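Under the numbering used here, the final residue of the sequence shown carries the number 443; numbering is consecutive throughout.
Don't take each hint at face value.
Distance ranges between label pairs, derived from CB positions [said to hold, decoys possible]:
| # | residue 1 | residue 2 | range |
| --- | --- | --- | --- |
| 1 | Gln226 | Met419 | 33 to 43 Å |
| 2 | Gln247 | Pro194 | 34 to 44 Å |
| 3 | Pro442 | Gly129 | 51 to 61 Å |
| 4 | Pro42 | Asp265 | 51 to 61 Å |
| 5 | Glu157 | Gln226 | 30 to 40 Å |
| 6 | Gly245 | Met410 | 43 to 53 Å |
Heads up, simulated DSS-like pairs for lysine-lysine below, C-alpha to C-alpha not over 25 Å straight-line [stated by the list, open to error]:
| # | residue 1 | residue 2 |
| --- | --- | --- |
| 7 | Lys97 | Lys347 |
| 8 | Lys380 | Lys149 |
| 9 | Lys411 | Lys149 |
| 10 | Lys137 | Lys246 |
| 11 | Lys68 | Lys347 |
| 12 | Lys306 | Lys411 |
| 13 | Lys241 | Lys137 |
| 14 | Lys97 | Lys380 |
| 15 | Lys348 | Lys97 |
| 16 | Lys137 | Lys306 |
| 17 | Lys137 | Lys149 |
| 18 | Lys68 | Lys380 |
Keep in mind that the hints were calculated from the coordinates and are not lab data.
Everything numeric in this text was worked out from a predicted model, so none of it was measured.
Each residue gets a CB set at the ideal place from its N, CA and C atoms; glycine is no exception.
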Amino acid sequence: MSVAEFVPQPGRQAGRDPHSIPLDEIDVSDLELWTTDSHGGYFERLRKEDPVHYCAEGEFGPYWSVTRFEDIVHVEKNPEIFSSEPGIVILTPPPESVLQGAGFITMDGPRHDAHRKVVQPVASPRNLKRLEPVVRERVIQILDGLPVGETFDWVDRVSIELTTGMLATMFDFPWEDRRKLTYWSDIATASPQHLEVMGRTQEDRQVALLECLDVFTRLWKERRGKQARELDFVTALANASATGDMDPVTYLGTLILLIVGGNDTTRNTISGSVLALNQNPREYDKLRADPGLIPTMVDEVIRWQTPLAHMRRTATVDTELAGKQIKKGDKVVMWYVSANRDETAIDRANEFLIDRPDSKRHLSFGWGVHFCMGSRMAEMQLRVLWEEIMKRYRMVEVMGEPVRVASCFVRGIQTLPVRLHPK
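Start from the sequences, fold in the hints, and give me the full structure.
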């Protein structure tokens, strides 16, 4: 089945008035809400009526939804109560999955800190300063190669190409094989439904991830004991005391974390930026009148898109959250996509405003010890891209409806038809 052929089937929530469903039957993990982009009304109701909400029969089993900004910050502040182990997504991988025990994002405490410290310098301000001219050169090459006056897929030609190129640089990965990084990212995060859209099976996922591990194990062995000319993730991991003896499963989990973090988030925000400006033409007019708004526009797009809709924690003890009794072992899902529309925390949260004064007040990068270490990298890529777009084009016009990823984790755009209008 091709992406274009995927049509969500009529469900029990999408297309209905969120207030017509009994509160205890609301399941915001229902994938049809995400493929139809109709989850917003459900989160709005939960924020007002039941901000910490229990779903007994969810798409991926029972779970708690945390929907307000400050409640999510509370969960993030208390990792000893709300643990990242054994997983950070609502779907728990089956025992046979090669993603069981994935990288340091599923760790807590000193072990997490030690692993993160190894790769953090790759995304440091110093390294970003070195990489910005590289990003700009690639952006120019991509934009100058686009067709003018005809419709094409922005996701494939721009969003994927830019982010995959950046990933290849940060891993020092063979350039000619860079699209493998995109494939591994997509198949690693795909829900069972999205695997069908991709024309793949669970077995295909296992094969792909084992291929990923095999390729990166060869790179690990080549770089072990060597100094890199320019810092890259693999060399850093292979030669640090905290990570140099990682077992294969932990290594694969760390790789997928870094690949997904560098691919899905930036790629879907790039696509989301074009869509948001088209859906809010007054804001696009503001940008044309003052390209100096690009930095705050980038922040606002990151909030508006929220490329990773949620992160999950697991309660380590019986505890209370916003008056609700959470039991040890319960899944607690922090819905960043809801917190970013929380009117009690963000003024005019349901409006897209590219000149928002408090533009960095959002939870798209998480909060606390697990705050996204690649946040500045993502912001830089988006800023450079839009600086170059505004030099060339009066408008990047969306020509049809986007096809959205069947996932309640990656808030992704699969295809986005556009046409360029030069200045």
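Evaluated hints:
Checked against the hint of 33 to 43 Å, the pair Gln226 and Met419 passes, with Cβ atoms roughly 38 Å apart. A hinted range of 34 to 44 Å for the beta carbons of Gln247 and Pro194 is inconsistent with their spacing of about 20 Å. A C-beta distance of roughly 53 Å is found between Pro442 and Gly129, which places it inside the suggested range of 51 to 61 Å. Take Pro42 and Asp265: their Cβ atoms lie about 52 Å apart, and the range 51 to 61 Å holds.
Separated by about 37 Å at the C-beta atoms, Glu157 and Gln226 satisfy the suggested range of 30 to 40 Å. For Gly245 and Met410, the Cβ-Cβ distance of about 46 Å falls inside the hinted range of 43 to 53 Å, so the restraint holds. Pair hint Lys97 plus Lys347 holds up; C-alpha atoms about 18 Å apart against a cutoff of 25 Å. A C-alpha spacing of about 21 Å is found between Lys380 and Lys149, which places the hinted pair at or below 25 Å, so the restraint holds.
For the suggested pair Lys411 and Lys149, the alpha carbons sit about 22 Å apart, so the restraint of at most 25 Å is met. With a CA separation close to 19 Å, the supplied pair Lys137 and Lys246 stays within the 25 Å bound. Proximity of Lys68 to Lys347 is assessed by CA-CA distance (about 23 Å); at most 25 Å being required, the pair is judged to hold. Using a Cα cut-off of 25 Å, the hinted pair Lys306 and Lys411 holds, with the two alpha carbons roughly 15 Å apart.
At roughly 21 Å between alpha-carbon atoms, Lys241 and Lys137 fall within 25 Å of each other, so this suggested pair holds. The hinted pair formed by Lys97 and Lys380 meets the criterion: a straight-line CA distance of about 19 Å does not exceed 25 Å. A hinted pair counts as satisfied when its Cα atoms are at most 25 Å apart, and Lys348 with Lys97 qualifies at roughly 18 Å. Only pairs whose Cα atoms come within 25 Å are accepted, and Lys137 paired with Lys306 is rejected, the gap being roughly 40 Å.
Distance hint between Lys137 and Lys149 is fulfilled; the C-alpha atoms sit about 19 Å from each other, no more than 25 Å. As the CA atoms of Lys68 and Lys380 are separated by approximately 24 Å, the hinted pair is consistent with the 25 Å bound.
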